[in-house]
Every structure is written in C-alpha cells, then in structure tokens.
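Chains A and B are the protein sequences, given in the same order. Here my numbering runs 405 ahead of the position in the first sequence, where the first position is 1. Here my numbering runs 10 ahead of the position in the second sequence, where the first position is 1.
Hint data in this document are derived by calculation from the structure and do not stem from the laboratory. The model shown is predicted, which means the values in this text are computed figures rather than measured ones. Backbone N, C-alpha and C fix where the C-beta goes; we use that ideal spot for every residue, glycine too. You may find that some hints are simply not true.
Calculated lysine to any residue pairs in the SDA-like style (CA-CA distance at most 20 angstroms, straight line) [as the list claims (entries may be wrong)]:
1) Lys115/B <-> Leu645/A
2) Lys115/B <-> Asp611/A
3) Lys115/B <-> Ala136/B
4) Lys153/B <-> Lys584/A
5) Lys584/A <-> Leu554/A
6) Lys115/B <-> Asp713/A
7) Lys115/B <-> Glu615/A
8) Lys115/B <-> Lys584/A
9) Lys115/B <-> Arg634/A
10) Lys206/B <-> Pro714/A
11) Lys115/B <-> Gly614/A
12) Lys115/B <-> Leu554/A
13) Lys485/B <-> Lys507/B
14) Lys153/B <-> Leu139/B
15) Lys115/B <-> Tyr709/A
16) Lys115/B <-> Arg638/A
17) Lys115/B <-> Leu716/A
18) Lys115/B <-> Pro714/A
Covered by chain A, according to a simulated footprint, are these stretches of chain B (three or more residues, beta-carbon under 8 angstroms) [to be verified]:
19) 28-41
20) 89-97
21) 163-176
Sample of chain B residues at the chain A side, in silico, Cβ under 7 angstroms [to be verified]:
22) Leu66
23) Ser124
24) Leu127
25) Tyr159
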Amino acid sequence: MLHYLFRRLGSLLATLLVASLVVFLVIEVVPGDPASYMLGMNAQADTVAALRSELGLDQSGPARYLQWISGMLQGDFGQSYTYRTPVADMVADRLWISLPLALYALFLSTVLAFPAGIWAASHRGGVADTTVMGFTQLGIAIPNFWFALLLVMFFAVNLGWFSAGGFAGWESGLFAGLKSLTLPAISLALPQAAILTRVMRSSLLDVLGEDFMRTARAKGLSERQALLRHALRNAMIPVLTIMGLQFSFLIAGAIIIENVFFLPGLGRLIFQSIAQRDLIVVESVVMLLVFAVVMVTFVIDLAYAWVDPRLRQQRR
Amino acid sequence: MNAESPLLRMDNVQLSIHQTPILQDISLQVQAGQTLGLIGESGSGKSMTALSIMQLLPRGSRQTGSIRFQGQALEKLPEAELCELRGSDIGMIFQEPMTALNPVKSIGEQVGESIRLHRRLSRDEAQALTLRTLERVGLPNTKFPLNRYPHELSGGQRQRVVIAIAIACQPRLLIADEPTTALDVTTQAGILELLKSLQQDEGLALMLISHDLAVVSNMANDIVVMHKGRIVEQGGLGAVFGSPAHRYTQMLFDASALTQVSHGPAVQTADADVVGVEMAARVSPINSDSRSTPTPTPTPTPTPTSTSTSTSTPTPTPTPTPTSAPASAPASAPAHTSAVSAAPHASTSPLLQVENLICEYPGRRIGLFSHAPAFRAVDRVSFDIQHGESIGLVGESGCGKSTLTRALLGLMHLHDGRIRLNGEEVSAAHVVSRAARQQMQVVFQDPYGSFNPRHRVGRLVSEPLHVLDEPPERKATQRRVASVLESVGLHADDSNKFIHEFSGGQRQRIAIARSLIIEPSLIILDEAVSALDVSVRAQVLQLLDTLAREQGLAYLFISHDLSVVQRVTERVMVMQHGQIVEQGDTAAVFVNPQHPYTRELLAATPRLRIPSS
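Produce the entire structure from the sequences given, and follow the hints as far as they go.
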C-alpha cells in the first residue's frame, strides 16, 4: 500500500512538471504583450521597454520559466501586472470562496444523487425509477445559470431568505458565509447531481445483475440488505470517477454562476486576467487548477484502492 | 414432520416469466439425507427449478403449484421468513465460482455474514464457527486466513468458499447448480468429493443439478431428467440410467456416452458397467485412417436453422468406421507414447512445425528498474502437425494452452524457438506472415462473445478474406459466404441475419464457417465445443469430422475435456506447467498413460456409472 502511494505521488509530480511546461509555453505563444497592454495604445517604445525589463519580460524564456517555477515552489507567484499586488494573495482570497463553494456543491450533489440513484436502481422500471430518471433529464437539460436566476427570483426576491448576490465574507461568521454560498451551490449541484444519479443507477444496475448478488440473496439477505452491503461498494468505482471530475470542474468552472451571484471566485479572476493580459495571474491560476485536478485524481485513486482490494494488490 | 414425508416436495409447479412458460408441471421430491440428480441441457429449466425452491425467481415470474419444504409451503411464506430459511435451512451453490463471491469483501466477512445473519452468536463465536466451516471445506486458516479476498484464490478454492457460505448454518438441503462445470477435472473431483462427504457426514440432502451424466451417476440416488421445462423421466439411478425409458433420456445418454473417456485396462477398474468402453467402440477419431478408404457420408445433421438446440431430434450418431476403433482395442494399441517424430502420416514435410518454443510473461515490477523473474508460460515445446492430421492438446487451466494458442496464431512475442507453417515462419520480427494467416484459422470457445453483435453474419464470415492477396469481388464474396455457410449446415440466407438470432451450436457453426472461408490447411479449435450441450456438441464434432474428410483439414484441438479429445483426435499432447509432458497416439495415451499427470487427469475424469438396478 505504501509503495502504491509513493508511485502515485511520483506520477503526480511528473504530471505537475509537464503541465507547468505546457502552461508556460502556451502563454508564451499567445499574442499580446502585457507591457504594451498596460501602458495603452499611445505608449512610447522606450517606456514599454523599460516596463518590460521591470517585469522581467526581456529575459529569455527558459530563465523566466525557472524563475516562475522556483518562485512558485517558495510560495511566490509573482506580481500581478495589472493590480501590482502579489498573485498569491489574490488567488488565496479567491480560493477561500471557490473551494468552499465547490465542496458545498459536491456535498449537495452527493446527498441528492446517492439516495436517488439507489432508489431508482432498486425499483428498476417502476414509477420511482421513471420519476427519478425524468428529473435527471430535466436537471441535465436546464442551464444552471437560468436555474440560478429562478432561485434568485424566488428565494431572494420573493421570499427574501437569501441575498441575491455577493459574498458576506467568512469574517462575518461561518453561517453567514455558507448562507451566501447556498443558492450558488444549489445551482451548481443540480446538473451534477442529475449526472451522478444516472451514473449511480446504471452502475448499481450492473452490479445487481452480478452472480455474487445471487449468492448474497441465497445466504438469506433481504433485497435491501444485499444492495446496501454487497452492491453499493462494488458500484462505487464509476461514481467516484465522476465525482472526481465534477469536483475538478467545480473549482474553476463556476464562472457563470459566480457572475450571476457576483461572487469573487477563481473563475471570475481567471476570466478578468485573460481579458487584461495579466499573464502571470493566468499562469498561476491555471497551475493551481492543474494542481487541484491532480490532487483530486490522487485522492480518487486512493479511494479506488480503499473500495476495491484488487486494485490495492495490482499496484502494490 | 414425520419420517416418511420428504424433505422437499414440489407438486405441479408451473412457472412463467413475462408470460413465457418456463416450467411445466414439475413434481419431484427430495428425501432427507439423499442426493437427487437433476439433469438436462441448457435451457431445460434446471436452474429455474432450483431458483423456484429458493423463491429467488427473476422479476416478472409467476409461479403456481406447491413447493413444500419440511411441510411448509414456501410459496406462501412472507419474504422475511424466506430470508430466514435461505442460507439457514436451504443452502445453494452456483456454477460460476469466479463471480459468485463479492470481490470487495474478504472470505471471512462473506462466510461470517451468513453465520451472523442466522445465528445469534457473539463476535468471537461467529469467528470460530467461520474458521471451522472454512476448515471443513478444505481451506484451513493456516493457509487461507480470513482476510483473503476472492481474487487471491483459484476457482476451486472460491467454490469451496461458496460451499462454506452455503453450509455454515448446517442446512437440511443443499442445492448445487452445476457446481463443477467451470472447473478443471482434478478440481472437480475434489469438489465432488467434498460434497459427498458433507452429504454423508452432516446428513444433508443434496440436489445436484448438472448436464454431466457421468458426474451425476457418481453422486445421486435418484434422478430427474428435464427437457424443455418438463420432467421427462424420474426414478432411481439404476432404473433411469440402466434402462432409460424416454426417448430424450436415451438421446442424452447416447450423446454423452459418445464423449465418454474410456480407460484402458491399466486404469479401469474391473466393473464392466463402464459404458465408455463399449461406446467408444462406435467412435472414430476425426479423419483417422478412414481418409484413404472413403466412408459413407455421415447422417446429415438436423436442419440447423431451427431455433434453439433442436434437441428433440435424435443426434446423428457418428458413422461407425470399421477400420478403426482404437479405444476399444487397447491390446493392439501401439505402446509408443512419446513418439514425436513417428507421425502416422508418411507425408513429405509437416504442416506445422513448432521447435523449442518458449513464451514468457514479464514479471511484475518490484522496483524502479527491477522486475520479478519472468513467468514462463510455454516452456520448450516442440511438436509437429502433419497435413490432414487431427491432434489434441489437453491440460488444465493455467497450463499454458492459451499462451501456446496465441503464439501459434502469431499474437504473442516468442521468447525463443520458432513456429513454421508449411516451412514459413509464422511471425518474424513481430510481423505475422500473411502466408501463415492464409493457412491457419481459429475457432474460439465462446460462441457468444467471439462475434461482433453489430455485424451481419455475411460480414462476420467474410472477414478472413482480407488476408488473401487478392480479396474476391463483392459477388464472389457472397458466393463464398453462401457456400461455406451451406458446408457447415446453415443456409445461404443466414448471411443477412445478426448473430443474436442463432443458438450456441449454430454460432459455433458460423465460427467454423468463418475459419473455412479462406480454405486454410490448419484450424485451431480452442475449446471450440466446451460451451456446448452434449447433443449439440456431438453435432458440431460430426461436422468437423465431415469437413476434415472432405477438405483434408488439419485440426489442433485444444481442450480441457479429455473425452472430446479422445473422441476426435489421432494424436494427443498433454501439457502441464508449460511443458508437454506426454504425447503420442491418442489411443495409446488413453489406454496406457505414462506420465503421472496424465494418469491423474484420467483418473479424475468422471465416468458414467450405471449401477445394476
């Protein structure tokens, strides 16, 4: 098991290294010089050159890459070209909204999808199944920003239970913070839950047809016991895979929802930075996202091994 | 319950699933402490009978009639009480041990669950009972600790765990649905032995469901024969097997007797009631010497387009060839059992030459740069196949048969040695020779999995034409497809159908048609009849026989089933641990096996036994 862990960690680092190279190269070839962008259309050539050297843009590519990497390793992500503030601080501020939001949405989606999927699978072909499947169709079809607007109109405008947007800030208390994330989290969770429900259901149905389920019934377990004790864990692998993908997406993919609710999250940050050619911020945020995705994959891999002893052994 | 009433009694049980009748008028009894053998081919309703006793029928089933267990009407019991009964009073074991256990739970958990479910025991007591039960089925804790997972066990060991789950609570009735069908013969012998001893020691009644008459004949007191959802015959073992009254039983009996391993005097015990010997006299190996003397065409196979296995029609009995009856004449059989070069055919050069073949699988990685020692799956194997010869390769799972097959087909990197077909290397530098491809085709075991379900039969069958240097035009292709389909006993029209429209036996015919279309000289039959029912198997073997005679094909017949190999081959090779431990004339090897492993295999093969009634 330890060996498995180390090998996964090794491939994790390799992935990060490759990703950093790709991110750097891609940003290099994208047209648009940050210095001339910052100084505007009418800037003097020597002013631009001065700014370029101040920003370190006149150095060679490899040198800048090494600087960037070594800086990141020490927690120094560089200075934002536009805001002239440390990128690390900007990202950290945004992460404190995006990460809880992603976790919140994932939690809601899981809480919705697991029971719904299990329920549908155990009543295959029945009314429950049809109903659940109908709702998942809706959940996948409805654009989440539109659903978010509905939520705002109903819960914020009509009932006044929630604010229509903005973030209260964690300093005003955990409850206040969570409250302002609730509507965004629901709108993010809904389509995810719909997909997860379907995965859960079909994965369970596959397992329910397995021979060992018959063995479980033959030893005297009721249908429900057999499902919970024997089928669920076997059905988890595809479900975990989807959950990992969804979480990775939620961290930065919430940009539309962040806009609808005026949340200063990572998605908006990266969008603004791209618009302003603030390359250092873009690079940092993308690297951070790569890191998050790689970490999530790592955690999911561990979860696989926890769920399925065969995987533990193969990779030992 | 008084002493005379049976433990289990089924009266007029009818079963339909989604309005399709499955079982009709099933009435049978299982006496306490006795063994009932339930025989029939696939689709005869054996398993559904078992599941209706367990009341674990699939959705959409409707069952009428009465099933009484210890006087209780099972069909009237509420589900909760049935759950208490299952695993406690009635245990059940299944055909496929590889998938019958939950892969993510340890064997201790799975056996213990059954105990904790039915017995109010403390944790320690339950664990002690789990250990005792596993020990009872031959899995002592010292070698098989409770935290083992199913994937760490072999098929036979897994089946023992399934048995442990079923008997942990000392049931009165154990239903065993084809418990050994998926196992090797030596493993099968062990499991049957275990079931027998459990039945005797614990006094439990055993309902043994099997398609294998030989297995049943060695275990059962009473016999029930099922066919198409009905019981066609039942009675004591002696009565049913001694003088089968029903036509179907007779047919089943003939078909399985044809594929009985007959033992020579060296192995065989004195009891003359071993039918195998007598039956083998009627059997000729495929294209044995008879090729020189044209034999009458065998009885045409029944129209194969009829759905299902068409078991009601009598199976064509293989043509009795007066020239050869090797198994029945042990005394005259040549004694050279390691005759590699002494090929019976005086042809010029061998069709296939395998020289000192070694195939290895790399060991798993143990460090960044180091590997565990490689696993040698095929170890210095050499043999020849002559033109038109039919040769058998037997051995149990894991012996290297499949790797050898893959190597012959050029699908595997050869560690050392060479394979030549008509003098040409089959694969040189990882590229499979086109010439070899044109000469060699293969038929696989699984008639369900070896076809792409989205393609029509015509396309499936014509696929090998691509390896020809000049693939025929569209029209010519159609003609060839039609002609091979007809040669395997199907219709030319079948080329427009999809594969799911065919039964297992018909699919295997299509697989044979696919291999015939480029007119190869060698066909490798990798367990090609193992998945088929006895009657269908007899038909397919008959077809192979005919084709060999008409087209001068050579067969490499790979099988774990000794009876089939004995039935159809002239020479046989026995493989163990990647090596060929014995090879020689089939008759000689079976009559007078030299290698201990061959003897073990032969001894473990169940023989059809008919007690005097």
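> Holds or violated: are the alpha carbons of lysine 115/B and leucine 716/A at most 20 angstroms from each other?
Replying inline: 13 angstroms, holds
> Going straight from one Cα to the other, do lysine 115/B and leucine 645/A come out at no more than 20 angstroms?
Replying inline: The hint holds at about 19 angstroms.
>> Does aspartate 611/A sit within 20 angstroms of lysine 115/B, going by the straight-line distance between their CA atoms?
In response: Measuring from Cα to Cα gives roughly 18 angstroms; hence the hint holds.
> Hey, lysine 485/B versus lysine 507/B, does the alpha-carbon distance stay inside 20 angstroms?
Replying inline: 18 angstroms, holds
> Taken at face value, is the distance from the CA of leucine 554/A to the CA of lysine 584/A at most 20 angstroms?
Replying inline: 17 angstroms, holds
> Does lysine 115/B pair with leucine 554/A here, judged by a C-alpha cut-off of 20 angstroms?
Replying inline: 47 angstroms, violated
> If you draw a straight line from the CA of lysine 206/B to the CA of proline 714/A, is it 20 angstroms or shorter?
Replying inline: 34 angstroms, violated
>> So if I understand the rule, the pair passes when the alpha-carbon distance is 20 angstroms or less; does lysine 153/B with leucine 139/B pass?
In response: Given pair lysine 153/B, leucine 139/B holds - Cα atoms ~17 angstroms apart, limit 20 angstroms.
> Per the coverage rule (Cβ-Cβ under 8 angstroms, at least three residues), is the stretch 163-176 of chain B covered by chain A?
Replying inline: holds (count 3)
>> So if I understand the rule, the pair passes when the alpha-carbon distance is 20 angstroms or less; does lysine 115/B with proline 714/A pass?
In response: This hinted pair holds, its Cα atoms lying about 8 angstroms apart.
>> Quick check on the hint: tyrosine 159/B CB to chain A CB, less than 7 angstroms?
In response: Holds: closest Cβ of chain A sits about 5 angstroms from tyrosine 159/B, inside 7 angstroms.
> Can the hint on leucine 127/B be confirmed by a CB-to-CB distance to chain A that is less than 7 angstroms?
Replying inline: 5 angstroms, holds
Hint check: violations occur at hints 4, 8, 10, 12 and 19; the rest are consistent with the structure.
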